[in-house]
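Colleague: Sequence:
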Amino acid sequence: MRIINKHSRIEDQPITLGEGVEITPHEIRCLHTIGLNEGANLKAVATILGVSKSAVSQMIGKLEKRGLARKDHAPDNRKELLAGLTEKGREAFRIHQEFHERHMRNLIDRLGEFTDPQLATASAVLATVETVVDDRLDEMIGKIE
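Here the sequence shown stands for residues 2 to 146, numbered as in my numbering.
None of these hints come from the bench; they were simulated from the model.
No experiment lies behind these values; they were computed from the predicted model shown.
Do not take every clue at face value.
To be verified - Mimicking BS3-like on lysine-lysine, the simulated pairs with C-alpha atoms at most 25 Å apart in a straight line are:
1. K66 / K7
2. K44 / K7
3. K89 / K66
4. K89 / K72
5. K44 / K54
6. K44 / K66
7. K44 / K89
8. K89 / K63
9. K66 / K80
10. K44 / K63
11. K54 / K80
12. K54 / K72
13. K63 / K80
14. K54 / K66
15. K54 / K89
Whole structure, please, built from the sequences with the hints as guidance.
Modeller: Here it is as structure tokens:
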């Protein structure tokens, strides 16, 4: 429970990405998804994030106002919008990627202190916890994938 509470506290904190650029965790997930899928249509970005196309459009609109993202019309279909990052958005994406890489290296280094059987047991416990969380989400908001 402590880990879940700590994670919730992290999720509530704005993220500073360089020179006064501060964005919410939801916005950074959107920015990160666009960065990994540059030129994807809004429906694809929404599917990856597990939200509606309307929600993604609104979130990208907020990122556009901050100069981090853009929506472009598809060359072959003027009704379809494609998500992209601006130069400022690519820089924010890079900073965020470095942040994650640094923390993943730290986690991997610390996990190196455990034996393979210990890691296998921990993995099994976490898989069970995940199924409990999936069941709760299913009960609350419907089937997840």
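Colleague: Now, for every hint given, state plainly whether the structure supports it.
Modeller: Against the structure, the hints:
As the CA atoms of K66 and K7 are separated by approximately 31 Å, the hinted pair breaks the 25 Å bound. At roughly 32 Å between alpha-carbon atoms, K44 and K7 are farther apart than 25 Å, so this suggested pair is violated. Restraint check: the Cα-Cα separation between K89 and K66 comes to about 12 Å, which is no more than 25 Å; the hinted pair holds. For the hint pairing K89 with K72, the CA-to-CA distance comes to about 15 Å; that is within 25 Å, so the pair holds.
As the CA atoms of K44 and K54 are separated by approximately 5 Å, the hinted pair is consistent with the 25 Å bound. A C-alpha spacing of about 20 Å is found between K44 and K66, which places the hinted pair at or below 25 Å, so the restraint holds. Between K44 and K89 the alpha-carbon distance is near 23 Å, which keeps this suggested pair within the 25 Å criterion. For the suggested pair K89 and K63, the alpha carbons sit about 14 Å apart, so the restraint of at most 25 Å is met.
Between K66 and K80, the direct Cα distance comes to roughly 21 Å. Compliance with the 25 Å bound is thereby established for this hinted pair. Note on K44 and K63: the hinted pairing holds, with a Cα-Cα distance of about 17 Å set against a maximum of 25 Å. Annotation: proposed proximity of K54 to K80 holds, straight-line Cα distance about 14 Å (limit 25 Å). Between the alpha carbons of K54 and K72 the distance comes to roughly 13 Å, so the proposed pair stays at or under 25 Å and holds.
About 20 Å separates the Cα atoms of K63 and K80, which keeps this hinted pair within 25 Å; it holds. For the hint linking K54 to K66, the alpha-carbon distance of about 18 Å falls within 25 Å, and the restraint holds. Between the alpha carbons of K54 and K89 the distance comes to roughly 24 Å, so the proposed pair stays at or under 25 Å and holds.
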